[in-house]
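Colleague: Spelled out from the first residue to the last, the chains are:
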Amino acid sequence: MYGERVILGATARPGRGISVSERMTRQEEQALVRLAASGDRQATAKLIAVHQASLYAFMLRMSGRPDVAEDIVQDAFVRVLKNLDRFDPRFRFSTWLFTIAKRLYMNVQQKYKPVFDTEIVRSWQGDDDQPAGPAMQQETRRNARSAIEYGLDELNEKQREIVLLFHQQQWPIARIAEHLEMPEGTVKSHLHRARHRMRRAISAHRKHGQAVAEVWR
Amino acid sequence: MNRSRPTRPSDGGDREFEVAVTSDADLIEQFFDREAGELELGELIQRVAKSPQAWRRIAETQDLVDQLAEPVSSPDLTESILRRLERDPESLLQPVSEPQRWLRFRSMAAASILLALMVGIWMQSWSPQHPGAITSTQPISDSIDQDVEAIRSLTSEIPTLLDLLPRADLRVAPSLRRARPIGDPVQLYQRWDEPRWRLPGIQIEIQTLPDGVDGLQPDHGGDQGGADLHLT
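In order, the protein sequences belong to chains A and B.
Each residue of the first sequence is one higher than the one before, counting from 866 in this note's numbering.
Each residue of the second sequence is one higher than the one before, counting from 19 in this note's numbering.
Any given hint could be a false lead.
Label-pair distances were calculated between CB atoms; the ranges are [to be verified]:
| # | chain 1 | residue 1 | chain 2 | residue 2 | range |
| --- | --- | --- | --- | --- | --- |
| 1 | A | Pro-1048 | B | Gly-60 | 21 to 31 angstroms |
| 2 | B | Gln-71 | A | Arg-955 | 38 to 48 angstroms |
| 3 | A | Ala-1069 | B | Glu-97 | 36 to 46 angstroms |
| 4 | B | Met-126 | A | Ala-896 | 26 to 36 angstroms |
| 5 | A | Asp-953 | B | Ala-129 | 29 to 39 angstroms |
Just so you know, the hints here were simulated from the structure itself, not pulled from any lab data.
C-beta: ideal position from N, C-alpha, C; glycine also.
Bound conformation, chain B alone:
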């Protein structure tokens, strides 16, 4: 093999760059190591053109490399591997057996009941501050009492609410119509995820029925619309 000392082609000027001593064989190996750069490739082509021996070596190696990379028929082992995994007690991948399924169902049922009980207890403890369903409401205009006066005096300091209140058909839950001293927290709820207002010293939330999404709507005597005023 040629072991001459190669030089790089001139770089547009007078200078010539020397590269490390590289034999044909080294260059060929570099090429098959997939590490030959543009320069080495150019060098290799030049040398190969002069050396049939190098040419032959490249052809033989290329043939070898192609044969090695040729695909091999492979059986599909996916199912057998999965079956083996499922049979293995230590495997992460296990089929759910019938007894296990029952156990899981019972555990889930017990957890659901427990959760429901906890929610019930929590709702009960919360109910004094947040009255539940109002079964019977009566327009506030028909039952002017001390509670309403208390509310009006409380809300008169809040311009936004004042704007809303005259348009609203306020109702008071019968169970909440006990007289309340001025200054007690008042809550006006707005249903269906509409914003709530909470102001310092006073708790106010507006609650409307399903078709009263955009603020409070006047009640025209129907079952829906209007606003509910709850006192706590």
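Only chain A is shown next, with the shape it has when bound in the complex:
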């Protein structure tokens, strides 16, 4: 379907963020799926390792909560790996995984409304792992990150999903359109509106931040 080599995900290193990108062709992916479907533990572990970081990042940005993201990632993998014999090789494994994860997220969505709390944002963005730099620099980085979360929070579910699939997961528009079962033009419209809303929200957030800083100065 998509012949090019694509980045499927990254190997997760606890507390270190995405550090090793893993590239895999469709043939390699299908061979791995076949092995995992036959009960091969090593192949199953590799499938998880290749896709978990990207799915976690996506679910974290979607839900705004690390605990929810972690639960959904685990549930999605368990569900998908239990049913590997039903995998349709015409599609990418990640597309299937993200579809299942999204359904699971929709089930818990009512329970956990996305909350982009600054303290939570700090805790899951690995600030503690960053090399110690000037306090000003760290503060700037934190502000930029919280602005992004603020911007994402301004979007509706569909816009947030499209923005993340396109800019975070680097999926092409055609693949997003297929995944969401909507025309490419509609995907683009959502994407443009989402970027526009995010820009506006971030700009407002920065102005607010500057105003607060002025007060405290």
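Go by the hints and put chain B onto chain A.
Modeller: Coordinates of chain B only, in the frame set by chain A:
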């Protein structure tokens, strides 16, 4: 935003190509959709140079896009997922428990015994045509009898075999030395996966001992070498 009607730069001649009406904003969005071609990029750069507002929009969007693509710390959930899968009775990935391991071992043992029995029965049914181990052989030159004459007359029609036979130290299994009428199938075996000869009306296979790989070797009275001639 500028909504002027842009034209393509002249194509080395007088002609000018018109492109669709595109605003700065559209061009910028096209760029961030990763769909801007060389032409659109050139157009965008030209416009941005004249419009600080467009420049600002690009910078803000680029910042946004960079932030979205920034990696997120992720816990390693591999082991916990694998453990959950192994606990799940419906999972394809299940650890082999002790009782299951015994059951598998017993099934495999039973299958092996059954297979061995079947092979034994098959070998037995096949043995009249293919004699098994020859425990005692005697050089044919020492026991010229009717069987050998029968063989020589049969093989005399086959030049290849004739070439081989004089060089071979033929032996006849004692159990097979019964007189055979001319025309009965004769088998000469060549051991160790060497080719077999099968000719119409007569079955001939050459069998040599381990050091006689290249055709038949004369026997010098030792335990090895030479050829065995089996009659069926």
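Colleague: Within 26 to 36 angstroms or not, the Cβ separation of Met-126 of chain B and Ala-896 of chain A?
Modeller: 28 angstroms, holds
Colleague: Range first: 38 to 48 angstroms. Now tell me if the beta carbons of Gln-71 of chain B and Arg-955 of chain A are that far apart.
Modeller: For Gln-71 of chain B and Arg-955 of chain A the Cβ distance comes to about 45 angstroms; the hint holds.
Colleague: Does the beta carbon distance between Ala-1069 of chain A and Glu-97 of chain B stay inside 36 to 46 angstroms, or does it fall outside?
Modeller: 43 angstroms, holds
Colleague: Given the range 29 to 39 angstroms, decide if the beta-carbon distance of Asp-953 of chain A to Ala-129 of chain B lies inside it.
Modeller: 35 angstroms, holds
Colleague: May I ask you to test the hint 21 to 31 angstroms on the CB atoms belonging to Pro-1048 of chain A and Gly-60 of chain B?
Modeller: 29 angstroms, holds
In this structure, every one of the numbered hints holds.
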